[in-house]
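Q: Counting in this note's numbering, the sequence shown runs from 1022 upward without gaps.
Simulated from the structure, these hints should not be mistaken for lab results.
One or more of the hints may lead you astray.
Have a look at the derived ranges for each label pair, beta carbon to beta carbon [stated by the list, open to error]: (1) E1102 with S1047: 37 to 47 Å; (2) P1052 with A1112: 17 to 27 Å; (3) E1040 with E1102: 36 to 46 Å; (4) S1047 with V1097: 29 to 39 Å; (5) L1110 with E1079: 14 to 24 Å; (6) S1134 with E1079: 15 to 25 Å; (7) T1036 with I1101: 35 to 45 Å.
Taking lysine to aspartate or glutamate and the EDC-like style, the derived pairs with C-alpha atoms no more than 20 Å apart in a straight line are [claimed, not checked]: (8) K1105 with E1126; (9) K1105 with E1095; (10) K1105 with D1063.
For each residue, glycine too, the CB sits at the ideal point set by N, CA and C.
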Amino acid sequence: METDLLIRDLRTATTPRAEALTHTLSQLTSPTLDFFWTAIVDYDGFILASYPFGTELEADHILAASAHLLRVGERVSQEIEVGKWRYSLIAGGDVQVMVVALNRECVLSVVMSPTASLDTAFAAIRAIAPDLIRDLDIARRKHTDLNSLIWEPRQLQAACA
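My request is simple: use the sequences and hints to build the entire structure.
A: Okay, structure coming up:
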């Protein structure tokens, strides 16, 4: 029930941060991608913001998908020693679910059409990266660990200036 209350609060834009993050997620578009929903979820299991793209948003579904893909990705990357986990993807016949590390504190969860190109998806995510840096206040955090697939050092330097 608490997650339902959290989603309801985000939909009514009760906080400036949630409103800014939701607006940033609404900019996650591409003519060739069909996003069903996207959300920013922190490592404590709270949805910081979400954008439903025309479907009814279910908080439990978002949290479960994000948590499972995050855990599987981190565990596999540790067990086979591939380095720091950056993203996980499950592609099915109906949708693709991708969870991308933003930093050590939160992930971006995206559900898109099964035919969506990963290159195009990452390009769309990179396009909103400057706004995510601003809205999540990443530039001011000293102990953040950024995902090099998304962030470029010059973006953080520009945000700090």
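Q: Next step is simple, just say for each hint if it's right about the structure.
A: Status of the hints after comparison with the structure:
no., hint, in the structure
1, E1102 with S1047: 37 to 47 Å, "holds, 38 Å"
2, P1052 with A1112: 17 to 27 Å, "holds, 21 Å"
3, E1040 with E1102: 36 to 46 Å, "holds, 41 Å"
4, S1047 with V1097: 29 to 39 Å, "holds, 32 Å"
5, L1110 with E1079: 14 to 24 Å, "holds, 20 Å"
6, S1134 with E1079: 15 to 25 Å, "holds, 19 Å"
7, T1036 with I1101: 35 to 45 Å, "holds, 40 Å"
8, K1105 with E1126, "holds, 14 Å"
9, K1105 with E1095, "holds, 8 Å"
10, K1105 with D1063, "holds, 18 Å"
This entry satisfies every hint, going by the numbered hints stated previously.
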